[in-house]
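Student: Sequence:
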Amino acid sequence: MSTPVDAEQAWKDLQRIRVPQERVYDEVERSASGGPGATYATAAIMWVFLAGLGLDPPKWGVWLALAVYLTVLGALARTYNRRSRMRLHHSRCSWRMFATFVAGAVVTGGTIVLSGRMVESLKPMSGSLIQATVSAAVFVLFVGPAGRWAVGSLRGRGEPAARVGAGR
Numbered sequence: 001m002s003t004p005v006d007a008e009q010a011w012k013d014l015q016r017i018r019v020p021q022e023r024v025y026d027e028v029e030r031s032a033s034g035g036p037g038a039t040y041a042t043a044a045i046m047w048v049f050l051a052g053l054g055l056d057p058p059k060w061g062v063w064l065a066l067a068v069y070l071t072v073l074g075a076l077a078r079t080y081n082r083r084s085r086m087r088l089h090h091s092r093c094s095w096r097m098f099a100t101f102v103a104g105a106v107v108t109g110g111t112i113v114l115s116g117r118m119v120e121s122l123k124p125m126s127g128s129l130i131q132a133t134v135s136a137a138v139f140v141l142f143v144g145p146a147g148r149w150a151v152g153s154l155r156g157r158g159e160p161a162a163r164v165g166a167g168r
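The sequence shown finishes on residue 168 if you use our numbering, and the numbering steps up by one all the way, no holes.
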């Protein structure tokens, strides 16, 4: 019970389906690179947090500062997430996005620890300002290229299948 398949009609149907899919990818890329606002805001929040830790607060002060830091970051993420027009039911997180997140955590955390050790001999406040500035700068320099690399992987998923169909 096979039905004859019209190759021309099948190709037109594939193209009709593929155009909205390309629009979704365009929107994902646009919202991911929607501007440096969230990156700079995150770096500024991180800078204030690290500079504040240089004042050597008591243990309860460190925990309070950490709670406030995480709350403000969560509010920032929520604000920027609501601004996005994209509302997909299933997120398309690739291994590149996961690798970017892990690499960002390692690079930023490593910079914080290394710069903290390098400025130990300085006065606490000036050392923490240097540490905060270096760490925030590394964060800003890492996020842009890494984010473009991670999001660029979404469009590449459908290309091999389209090329195979085009050759027939």
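It is worth saying that the hints were derived from the structure and are not from the lab.
Even for Gly, the Cβ is constructed at its ideal location relative to N, Cα and C.
Any given hint could be a false lead.
As the list claims (entries may be wrong) - Here are the computed distance ranges between Cβ atoms for each label pair: (1) 105 to 6: 19 to 29 Å; (2) 118 to 16: 57 to 67 Å; (3) 117 to 48: 18 to 28 Å; (4) 11 to 137: 49 to 59 Å.
Student: Give a verdict on every hint.
Tutor: Hint-by-hint comparison with the structure:
1. 105 to 6: 19 to 29 Å: violated, 52 Å
2. 118 to 16: 57 to 67 Å: holds, 59 Å
3. 117 to 48: 18 to 28 Å: holds, 21 Å
4. 11 to 137: 49 to 59 Å: Given about 51 Å between the Cβ atoms, the range holds.
When held up to the earlier numbered hints, the structure conflicts with hint 1 and nothing else.
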